[in-house]
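**Q** Using the hints provided, position chain B relative to the given structure of chain E.
Protein chains: 2
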Amino acid sequence: MRVLMIGAGGVGDAAARIAVERGFFEAWVVADYDLSRARATVAAAAARRAGETRLVAAQVDASDEAAVAALAKEHGATHVFNAVDPRFVMPIYRGALAAGASYLDMAMSLSQRHPEAPYEKAHVKLGDEQLAMAGEWEASGGLALLGIGVEPGLSDVFARYAADHLFSHIEELGTRDGANLAVRDADGNETFAPGFSMWTIIEECLNPPVVWEKARADAAGGDVEAGFFTLPAFSEPEVFDFPEGIGPVECVHVEHEEVLLMPRWVDAERVTFKYGLGEELITILKTLRTLGLDRTDPVSVKGVQVSPRDVVAAVLPDPATIGPMMTGKTCAGLMVTGKGKDGAPRATYLYHVSDNEETMREYGAQCVVWQTAVNPVVALELLATGVWSGAGVKGPEAFDAVPFLELLAAPKPEGYGSPWGMEDRTP
Amino acid sequence: MRVLMIGAGGVGDAAARIAVERGFFEAWVVADYDLSRARATVAAAAARRAGETRLVAAQVDASDEAAVAALAKEHGATHVFNAVDPRFVMPIYRGALAAGASYLDMAMSLSQRHPEAPYEKAHVKLGDEQLAMAGEWEASGGLALLGIGVEPGLSDVFARYAADHLFSHIEELGTRDGANLAVRDADGNETFAPGFSMWTIIEECLNPPVVWEKARADAAGGDVEAGFFTLPAFSEPEVFDFPEGIGPVECVHVEHEEVLLMPRWVDAERVTFKYGLGEELITILKTLRTLGLDRTDPVSVKGVQVSPRDVVAAVLPDPATIGPMMTGKTCAGLMVTGKGKDGAPRATYLYHVSDNEETMREYGAQCVVWQTAVNPVVALELLATGVWSGAGVKGPEAFDAVPFLELLAAPKPEGYGSPWGMEDRTP
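Here the protein sequences line up with chains E and B, keeping their order. Oh and the first sequence: position 14 is 14 in UniProt numbering, straight run, nothing missing. Oh and the second sequence: position 179 is 179 in UniProt numbering, straight run, nothing missing.
Any given hint could be a false lead.
The list cannot tell twin chains apart, which means a pair is met if one copy fits it or any two copies do.
Said to hold, decoys possible - In silico lysine to aspartate or glutamate, EDC-like type, Cα no more than 20 Å apart, as pairs: (1) K341 x E172; (2) K412 x E21; (3) K302 x D61; (4) K302 x D85; (5) K341 x E357; (6) K73 x D85; (7) K302 x D34; (8) K286 x D185; (9) K214 x E129; (10) K302 x D64; (11) K302 x D318; (12) K286 x E238.
To be clear, the hints were calculated from the coordinates, so they are not data collected in a lab.
Okay, chain E solo, but in the shape it has when bound (with noise of 0.2 Å):
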């Protein structure tokens, strides 16, 4: 397997730091388009293994699809890995499929809400242009594996999961996602930098968030895209009580592929995504939206022209550099409800943990990213051994997960060393 990743900011950083301890890859290109975070990338990653070769630094504009494929065969890679935000997942997308390699990325392309009733009615959805292009990624034989990160990602197999051994019917399939991070300055004192792009965290929460629900795709003759509508942003907040000390947080709706994705290789009643957002960031949000700062078009300020929205990004801490100043755990997981296999109500918490203090100690990596860059390196591992193998467009819980969730959890060196964990919640 040789590898071209895209992307060497908080994630693309901790998935080289993650791989560079695993033997199923020949090359590992590390690309961004700033050459010299590249290549800091590969210094970090090469550093952990004793004559470490395999990982090289390229320059790439990620979103020139040309400049894409043109890297891709130049490195003869199988697989390219896209560790940018979503902005550029379609010029990656399109530039992987171009040089004939399969495709990976931890968040898919961008919605677009309904001109009319943003907050009813699903328009353009997430992934919608990636699905589109289905049948040509079939026609190549190549595999494109949308959102196998930790949320998307690792919540999609925990569905796959659920529905093979853990339930015979499944009422809703319910991720949620909370922490108790804490980041403080040079003074102590607590302060706000968001763990992951304050860009993503903007579009994915403004966004009117994506509810699916079978009664209405069966409705409409079973048609799962009829099954799609959409909420106000921060809907139904409900207090989700998270495992490992993290205890109760307040959670709401947000736009997340999770319901894109599980409703087309999963059979459930009702699939939704809640974020444990919290007073302050939902605060943060709202002002945001309220002032037009969430806008990602062009204003003109004395003479310059910029989105407001890179502002705010760029106003924060950059999200990687955070983890020495932080503190606690995050936790991504899904809550199933329904029927167990014997038939009786059953609820369910499948969940994982990653604690900053041990992410930081073992790779130099703040929790959340490193959470969400272990998920891709896994399922590269997956698919270099042959254990996952398809052509095609697929989400995560379209492979078997026990593989996965294995290899996840086993101790190192065999596995990756992260254990999963699974909570009884029938009331």
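**A** This is chain B only, laid out in the frame that chain E set:
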């Protein structure tokens, strides 16, 4: 009198429309960085009076002291009237002095917080840079009349009036400002649109508010400067009941010029300024501070350099343009407590209310900018007619309040037809 007005934003535009109805000046030059904006103001103002030829438009860079002086000389300006935001106070102030013209502004030179104890000790205060040049102004024979908008401005005139005509001893001079303004978008939904420059709102509301106490000054041997101290932003919330149907509004300490001006000319135990920000604006300001979007130093955003605070101001509607979407009234006033001329306890609120419906109908100007703009025009008329005169650097409270208040309130065409009020609030 020949006036050079610098700035054709909301306040400058309204001032020209107000002034053109008066006969006290021979020339009124409207200068702006954007010549087309200056021309639009001249056209709109001149159209209000048949055969009007006294207004001309000019281009100027307000940050360029020499350019200001040259323009003042070119037009033989006797008075330079600064109607731009307070970042440009010093070059305009110095340019006027260099040109031998008198000077008026509505906001004073900016403060700098104390490096060690920003929320306890005053450091470089509002107007300090200007007051430091008092000797030069006295020597020149010219007058610099600082802070002659509505607040500071009319509030300071009220202080002089209270001291001369209502009180024998003043406990507190407390400026209190509140409004019931609402702005609706094209769909009729209430929207956030500040009544004056968001740059200035951020500056004055997030800076440590300053308070003056005579006891502190006395403890330092009667040194006025020693009476100033600071508090954290949004300190000491107080619900103040505003007149003419506005009603109760929560007010908090805000850094404002009155606190710096009044103690220098009016005898009082304590001088404060509280502004009825309201919950939404306080949340917005706290969020901007949390994110660092209040910063004025440039950040690098995808290859361009911008000041985050300029971006915040740029995404919001121009305060000059929101009049047609606005409803409600704004109230500027001074709450005075102490002992009346008879020695008995007295509490009086002196105030001026501006109704958006009225200012839009009569001047095409929204009420907050109109209320700011009318006062310097009244002052210019008093200076033109010799009713007010003097040299050196002075605040509005250095002059007799009665002719000002009479001219402001007298019906047109004798006066400006804008009455002020007085409410007894003795407990």
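**Q** Please work out whether the CA atoms of K214 and E129 approach to 20 Å or closer within one copy, between two copies, in both situations, or in neither?
**A** neither (23 Å within a copy, 69 Å between copies)
**Q** For the identical chains here, do K286 and D185 meet the 20 Å Cα criterion within one copy, between copies, both, or neither?
**A** Only across copies: K286 and D185 sit 17 Å apart there, 24 Å inside one copy, limit 20 Å.
**Q** With 20 Å as the alpha-carbon cut-off, assign the pair K412 and E21 to within, between, both or neither.
**A** within (10 Å within a copy, 85 Å between copies)
**Q** One pair to classify: K302 and D34, alpha carbons no more than 20 Å apart. Within, between, both, or neither?
**A** between (27 Å within a copy, 12 Å between copies)
**Q** One pair to classify: K302 and D61, alpha carbons no more than 20 Å apart. Within, between, both, or neither?
**A** between (28 Å within a copy, 13 Å between copies)
**Q** Which holds for K341 with E172 at a C-alpha limit of 20 Å: within a copy, between copies, both or neither?
**A** Within one copy, since 16 Å is at most 20 Å while 76 Å is not.
**Q** 20 Å Cα cut-off: does K302 pair with D64 within a copy, between copies, both or neither?
**A** Between copies only: 16 Å across chains, 29 Å inside a chain, cut-off 20 Å.
**Q** Within a copy, between copies, both or neither: where do K286 and E238 come within 20 Å Cα-Cα?
**A** within (18 Å within a copy, 26 Å between copies)
**Q** With 20 Å as the alpha-carbon cut-off, assign the pair K341 and E357 to within, between, both or neither.
**A** So K341 and E357 fail the 20 Å test inside a copy (38 Å) and across (69 Å) alike.
**Q** Please work out whether the CA atoms of K302 and D85 approach to 20 Å or closer within one copy, between two copies, in both situations, or in neither?
**A** Classified as between: cross-chain Cα gap 14 Å, same-chain 28 Å, threshold 20 Å.
**Q** With 20 Å as the alpha-carbon cut-off, assign the pair K73 and D85 to within, between, both or neither.
**A** Classified as neither; 23 Å inside a copy, 56 Å across copies.
**Q** One pair to classify: K302 and D318, alpha carbons no more than 20 Å apart. Within, between, both, or neither?
**A** Classified as between; 14 Å across copies, 26 Å inside a copy.
The structure is inconsistent with the numbered hints 5, 6 and 9, although it conforms to all the rest.
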